[in-house]
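Place chain R on chain Z using the hints.
Those protein sequence lines, which keep their order, are chains Z and R. Last residue of the first sequence: number 475 in this note's numbering, and the count goes up by one each step with no gaps. Last residue of the second sequence: number 475 in this note's numbering, and the count goes up by one each step with no gaps.
Intra- or inter-copy, both count: the list cannot distinguish identical chains.
No farther apart than 16 Å at their CA atoms in a straight line, the calculated lysine to aspartate or glutamate pairs in the EDC-like style are these:
{"hint": "1", "residue 1": "Lys337", "residue 2": "Glu107"}
{"hint": "2", "residue 1": "Lys234", "residue 2": "Asp462"}
{"hint": "3", "residue 1": "Lys35", "residue 2": "Glu152"}
{"hint": "4", "residue 1": "Lys35", "residue 2": "Glu391"}
I should point out that these hints are in silico values taken from the structure, not numbers from a laboratory. Remember, it's a predicted structure, so these values are computed and weren't measured experimentally.
There are 2 protein chains.
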Amino acid sequence: MGLDHIFHPRSIAVVGATGGPFSVHTMMFLDTLIKIGYKGELYPVSPSQETVSGLKAYRNLKEIPGAVDHVTSLIPAAATLDLARDCVIKGVRSMQLFTAGFAETGEAAGAELQRDLVNIARTGGVRIIGPNCMGIYCPASALSYCPDFPQEAGSVGFISQSGSYTYLLVRMAAARGIRFSKVISYGNGADVNEIELLDYLSHDPDTEIVCAYVEGTRDGRRLLQVLSEAAGRKPVVIIKKGHTQAGSRGANSHTGALAGNDSVWEGVIKQAGAVRVDDVEEMVDMLVTFRFLPLPTGRRAAVLGVGGGVTVRASDQCESGGLVLPPVPDEMRTELKRFVPLAGSMFRNPVDVLAERYVDVWAPLVNALDTWDDPDILIWQISPEIEPLREEIVHQYMMETRSRMMRVFSIARKPKAIVVHAVESGPGLRSLDALRTMCQEHEIAFYPSLYRAARAITRYLDWNQQRNVRQYPRR
Amino acid sequence: MGLDHIFHPRSIAVVGATGGPFSVHTMMFLDTLIKIGYKGELYPVSPSQETVSGLKAYRNLKEIPGAVDHVTSLIPAAATLDLARDCVIKGVRSMQLFTAGFAETGEAAGAELQRDLVNIARTGGVRIIGPNCMGIYCPASALSYCPDFPQEAGSVGFISQSGSYTYLLVRMAAARGIRFSKVISYGNGADVNEIELLDYLSHDPDTEIVCAYVEGTRDGRRLLQVLSEAAGRKPVVIIKKGHTQAGSRGANSHTGALAGNDSVWEGVIKQAGAVRVDDVEEMVDMLVTFRFLPLPTGRRAAVLGVGGGVTVRASDQCESGGLVLPPVPDEMRTELKRFVPLAGSMFRNPVDVLAERYVDVWAPLVNALDTWDDPDILIWQISPEIEPLREEIVHQYMMETRSRMMRVFSIARKPKAIVVHAVESGPGLRSLDALRTMCQEHEIAFYPSLYRAARAITRYLDWNQQRNVRQYPRR
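If we strip away everything but chain Z, and leave its shape as in the complex, we get:
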């Protein structure tokens, strides 16, 4: 595997590390490695300082006594050609440039600088990551550029032309229980690019789900090939941006990529058997679904929870998202009425009962829905924003009740999901956090809205159907 070494450098030099009182880049690319316990050698390179972040600093690469596997560049673009030459001399194997100011500027000078950089590196056997990128987050090797990214490794691999999307995806997915094998922000992709990276993740044994954010590619045919191969092995989820007129302008400026015609992209992704999503929120939803939700046999859902008007909106959201809510049969409704108080309840689907007050009805209710033939999946919706009271004593009581309810829900036999409705007000966040933690502990797929849950589950079913068609083509 040609790229494997970039995820396992035995030593790293951070060039342009400055030890000032407020040097954000040093904090990102050097202090993070120290903080999360990177095991290899770390060498700050600074022309003017003796030590940086408590480590001995070197004036340049050549002064470093030991071997250097990987170099991170924080210096201005104009100085990177000399640095690349130093890398070749020093026997560096990979060089990542946070440095921007290359082809993405749209200026001829920047494009030329990028070509020269790649030429020097390729001739000298150094792989270039970037320029204009964040580089690598690989928790198993304690490689990271962000101290709050999770330090445990997981099974999701992500490649991203955009550095900011790696912050969005890792943070948002981490809050939903997802962990990562390898994340690569490849920026302009001047050398190591989307095709090589997808191919790598497709074969990487640590990566079970592959996702990608792309704005463009230089070789659509090869991309289709690599994507198809990857999607034949693992779930692949893609965000392709820059498809509106203004977006294309932005994408072009962002990493110098040609955005291409959106319908061509749509076709390529579909033909490959990958799942295209609109944006990072939907990507996280798909990751949660692939990771935690057993495949339902169909799109019929039973929804339960407390809500009143929120229950009415529930139906709309589910159906807009592609799920079907079969009506509760009359005999079942009669059955439910035997043990659920009528006032304040709705015995249609969604089933709305004040179970947080009558927790003893919860187990028979969940059992009734679980043994009801029609639904393929159970969805429990919880709305922290409609809790009538937020006093500490009530909060504690609610959380204990829900914890008991979740234990009961988690042993139902049908595939199941939880919707913890997103809150937009500060005070609701305490409940939101507590509920999310509970869902993670039970390893149940959870979503911030019924629409998003429905959409992700529908895509999951569509993906599976398409996969089956591929594996057993009709004649």
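Then chain R, alone, in the frame of chain Z:
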């Protein structure tokens, strides 16, 4: 104004208040009033207790020595007819029933109980609010059922068939700087209904913006009339739910209303000149827009902020939401390059500069966009989720920087909005909260996504256009 008295009761009896250690309903309907300083007399009514929440309790209504203007019912449905008779005898003017178990159950017995209740009340001169509702939140009178609703009054009036939507709207809108004049959860609307309430808010001098959540109505013709009148005076924003098949089933069960054909509703709302939104999130966006955004002259926006890939997504979101992003002219781009560092920047629209690091370029940049003829509106997008570091020192620095940037932004002449991108991870919430507070202090309209900002601004322009057509019909 026939309904005015329900917002100004001089005394309230809470019937069914229990003083136990964990009586949620008493906390909601009695303790809240004590906590927020309701000025009138408060009488708990409980058959078995001497005091409730520190107040002397009465065994029934008739025992209360003074006059009782308003009664809140927390007792079972079966006992409400006797209570209604007591209300008549006592000269009570309005009775709100949190109590459920009436027409909304879909059972003949519940519907009959509701008819009997209304008959007794109407005969005896008592107005009924509900049943199956939360009642009234009117901060100016210190009336509320939720201790965390804002205690300051504002200019938005809201009527809602659903009680849970009042929690959603008030809390979500409060976090965006919106305050309320009167909020009425009217539930089954057995007596006081959507038509009378809309008519009231339409004429209420304290209410500048009217919004409503409805699932159905008993008189479409009269509703259209009242809505048209209201929309002729004030912005009116409507959520109509229950329009998918499953939603209609839910709505019917929820408050016993007939949901009606959705396209008929669509026509009525449009003809009336009200703004129809899909759900509470969009309603909050419209409230923020009507309240804080000066009317732009058109739909061309200049977007600025830090983002990389987030900037690419920005263009898509704006254009999907109905705004147009005019391209930055060449001469202006040349001008910008004079004072903005090239590396890491994009000089198209969106304009993406690392101004958080180069805060001195912010003032000339904002000025350049403000004096640029093409855009009708400036939008600054901030993404807490892509902040590279969350250490306290960095957080402080970022917040001070953004505070300076916001002061500069707030004096631009064009209409302006801020997008503080929603975060879905716990750690990002600190920045989110701080940024929202800043926006509120400057009274700048802010939104959780560019799509939602664009959609709300577009609707604002459409609303205004329709209003102009109405006021000055073409011949």
